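K.L.:
Residue numbering for the sequence shown is 1 to 446, as defined by full-length UniProt numbering.
I should point out that these hints are in silico values taken from the structure, not numbers from a laboratory. Just so you know, these numbers come straight off a predicted model, no measurement behind them. Any given hint might turn out to be false.
What the hints assert, rightly or not - Pairs of lysine-lysine, DSS-like flavour, derived with a Cα cap of 30 Å: (1) Lys380 with Lys169; (2) Lys380 with Lys165; (3) Lys200 with Lys169; (4) Lys114 with Lys427; (5) Lys200 with Lys380; (6) Lys427 with Lys171; (7) Lys224 with Lys165; (8) Lys440 with Lys105; (9) Lys380 with Lys440; (10) Lys380 with Lys171; (11) Lys214 with Lys200; (12) Lys401 with Lys379; (13) Lys379 with Lys114; (14) Lys308 with Lys160; (15) Lys306 with Lys160.
As the list claims (entries may be wrong) - Pairwise CB distance ranges, derived in the manner of DEER restraints: (16) Lys200 with Lys306: 15 to 25 Å; (17) Arg150 with Thr106: 12 to 22 Å; (18) Glu374 with Arg137: 41 to 51 Å; (19) Val367 with Gly443: 21 to 31 Å; (20) Glu161 with Glu238: 38 to 48 Å; (21) Lys105 with Asn418: 36 to 46 Å; (22) Arg150 with Gly416: 28 to 38 Å; (23) Arg150 with Asn415: 40 to 50 Å.
Just so you know, even glycine gets a beta-carbon here, dropped at the ideal spot from N, CA and C.
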Amino acid sequence: MHPPANIKPISCLLLLLLLLYPYPITSKYIPVSNATHGSVYGVDISWPIHNFKPSQNSNGSPGDNGSPSAKVGLRGKLSKAIWGGGEGEKTGEVDIGEGPSEVYKTHMEGCGEKYGLKVCESNEWSRVEMNREQPARMLNYTTLGFAKTRCPPEIFTALKEWYHKYKDKAKPESWPVGNTFTNHWASPTLMVSLEERSFKGGMDLKTHIWDTTKTHLEEWSGQKLHPTSLYGIRVYTEGSVLAPHVDRNPLVTSAIINVHQEDVTEPWPIEVYSHSGVAYNVTMEEGDMVLYESHSVIHGRPFPLKGKSFANVFVHFEPVDGEYEVEKVGKKKAKSKKKSMTKKSGGTEGRTDAHIKAYQGDLEGVVEAVTSDEEVVHKKDANDWTPLHEAGRGGHLEVLKYLVDMGGDLNVRTNGGNGRTVLGWIKEFSGGDHIEEWVKDNGGEL
């Protein structure tokens with residue numbers, strides 16, 4: 001099964017609807033039309049997304065696709081009730097043949113051989129459950145949920161030059177046991193970290209990327225944004241796939257910049273599911289930037305990469321007000337819980353500038369705070385969080401390194417010693433295998 005050559009031009013009717021739609025759209029952000037294998041399709045055609053059985057049609061109406069409940073694939077039994085089981089199986093107008101069925105089968109077999117099928121199936125269950133439940137709870141900020149533009153030349157040129165300078169020093173990413181988001185056991189992913197101290201200019205470049213993408217994403221989404229995650233350049237290798245998924249919060253409004261492609265013989269589209277549930281295949285050239293609501297838009301690359309490498313940088317933000325869930329009940333519960341925690345433990349009492357700057361990834365601000373008071377490295381707020389916990393939650397490796405150099409303890413637990421260590425909060429909020437690896441290498445424990 002081959003991905004489409006390119007995105008189709010947008011229809012006049014769709015363009016008119018987009019112009020009349022009350023979400024902000026400007027001309028430089030291309031509202032992409034869907035380009036499929038000859039027909040419009042929804043979930044569970046290219047990959048298991050909402051269910052572990054393939055859809056029975058491809059009319060673009062995923063809410064009425066005849067798919068059985070995800071419970072068909074009971075935990076521990078996915079190998080017997082796996083998605084796309086038959087040869088030459090047809091789903092409406094899209095003949096999936098042995099294409100995606102075989103790719104997914106190979107994907108799960110490879111994970112099972114590496115980690116054991118039980119843990120792989122458990123992770124698949126979690127991915128599908130999150131795809132099915134999270135988007136419905138999230139606020140939407142744009143019409144489709146994604147768009148494509150070009151990265152500003154000055155930033156892209158600097159990014160590409162920096163990548164070519166250090167790409168040969170890329171390190172293999174270390175994925176959690178049984179993680180099925182990529183087929184890293186067959187096609188390893190590499191990381192060129194912007195936070196690696198020996199890679200000169202990385203932190204300055206990171207700041208420029210933050211500032212540039214923030215401007216674009218704020219204009220596109222109509223929201224004031226706060227940065228949450230930017231690690232480095234991920235390099236996908238030949239045969240790579242990325243399972244369709246939604247990002248965990250607070251990775252809400254995001255951008256992908258394609259930095260480099262090497263010996264790519266066919267376009268490697270990112271498959272994106274719009275807010276209406278219809279699939280779009282968006283191709284990228286070097287310097288292209290895809291903007292997307294990563295918390296509510298399912299996205300992935302289910303078609304294996306045909307080429308030597310494909311290097312992307314991922315930039316994530318959240319709204320400054322921190323509210324991106326649509327349910328008022330959920331907001332009330334969150335506020336009630338926050339009030340309860342405040343009464344019980346004092347809330348944010350004891351939170352210093354070092355705590356705030358560490359969470360924001362502001363290394364200069366942290367250095368300034370520590371220079372004024374070295375003991376601030378060890379200071380705990382009312383919930384026993386130190387600046388190290390905040391840096392871990394925000395995913396800021398350089399801040400972590402500095403605080404450890406200044407005597408910070410990676411293994412202090414929050415909540416009176418009954419909570420999590422820095423590594424525990426990294427896994428909960430920020431992820432990033434290179435960060436987890438560094439913490440472990442420096443004595444950090446769960």
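K.L.:
For every hint, state whether the structure bears it out.
P.N.:
Hint-by-hint comparison with the structure:
1. Between Lys380 and Lys169 the alpha-carbon distance is near 37 Å, which puts this suggested pair outside the 30 Å criterion.
2. With a CA separation close to 41 Å, the supplied pair Lys380 and Lys165 exceeds the 30 Å bound.
3. Of the supplied pair hints, the one linking Lys200 and Lys169 holds, its CA atoms being roughly 13 Å apart against a limit of 30 Å.
4. With a CA separation close to 21 Å, the supplied pair Lys114 and Lys427 stays within the 30 Å bound.
5. Distance hint between Lys200 and Lys380 is unfulfilled; the C-alpha atoms sit about 33 Å from each other, more than 30 Å.
6. Taking the CA atoms of Lys427 and Lys171, the gap is about 20 Å. The hint holds against a cut of 30 Å.
7. For a cut-off of 30 Å, the pair hint linking Lys224 to Lys165 is broken: about 34 Å separates their Cα positions.
8. For the suggested pair Lys440 and Lys105, the alpha carbons sit about 33 Å apart, so the restraint of at most 30 Å is broken.
9. Distance hint between Lys380 and Lys440 is fulfilled; the C-alpha atoms sit about 22 Å from each other, no more than 30 Å.
10. Proposed proximity of Lys380 and Lys171 is contradicted: the alpha carbons are some 34 Å apart, above 30 Å.
11. For the given pair, Lys214 sits about 23 Å from Lys200 by alpha-carbon distance, which is consistent with the 30 Å threshold.
12. In summary, the hint linking Lys401 to Lys379 is supported, as the alpha carbons are separated by about 17 Å, within the 30 Å threshold.
13. Straight-line distance between C-alpha atoms of Lys379 and Lys114 comes to about 42 Å, which puts the hinted pair past the 30 Å bound.
14. Restraint check: the Cα-Cα separation between Lys308 and Lys160 comes to about 17 Å, which is no more than 30 Å; the hinted pair holds.
15. With a CA separation close to 21 Å, the supplied pair Lys306 and Lys160 stays within the 30 Å bound.
16. Look at Lys200 against Lys306: about 34 Å separates their beta carbons, and that is not inside 15 to 25 Å.
17. At about 35 Å, the CB distance of Arg150 to Thr106 disagrees with the hint of 12 to 22 Å.
18. Taken as a hint, the range 41 to 51 Å holds for the pair Glu374 and Arg137, whose Cβ atoms sit roughly 43 Å apart.
19. Take Val367 and Gly443: their Cβ atoms lie about 23 Å apart, and the range 21 to 31 Å holds.
20. Distance hint for Glu161 and Glu238: a CB-CB separation of about 24 Å, inconsistent with the stated range 38 to 48 Å.
21. Distance hint check: the CB atoms of Lys105 and Asn418 are about 43 Å apart, consistent with the given range 36 to 46 Å.
22. Between Arg150 and Gly416 the Cβ separation comes to about 51 Å, which falls outside the hinted range of 28 to 38 Å.
23. In this structure, Arg150 and Asn415 meet the distance hint of 40 to 50 Å, their C-beta atoms being roughly 46 Å apart.
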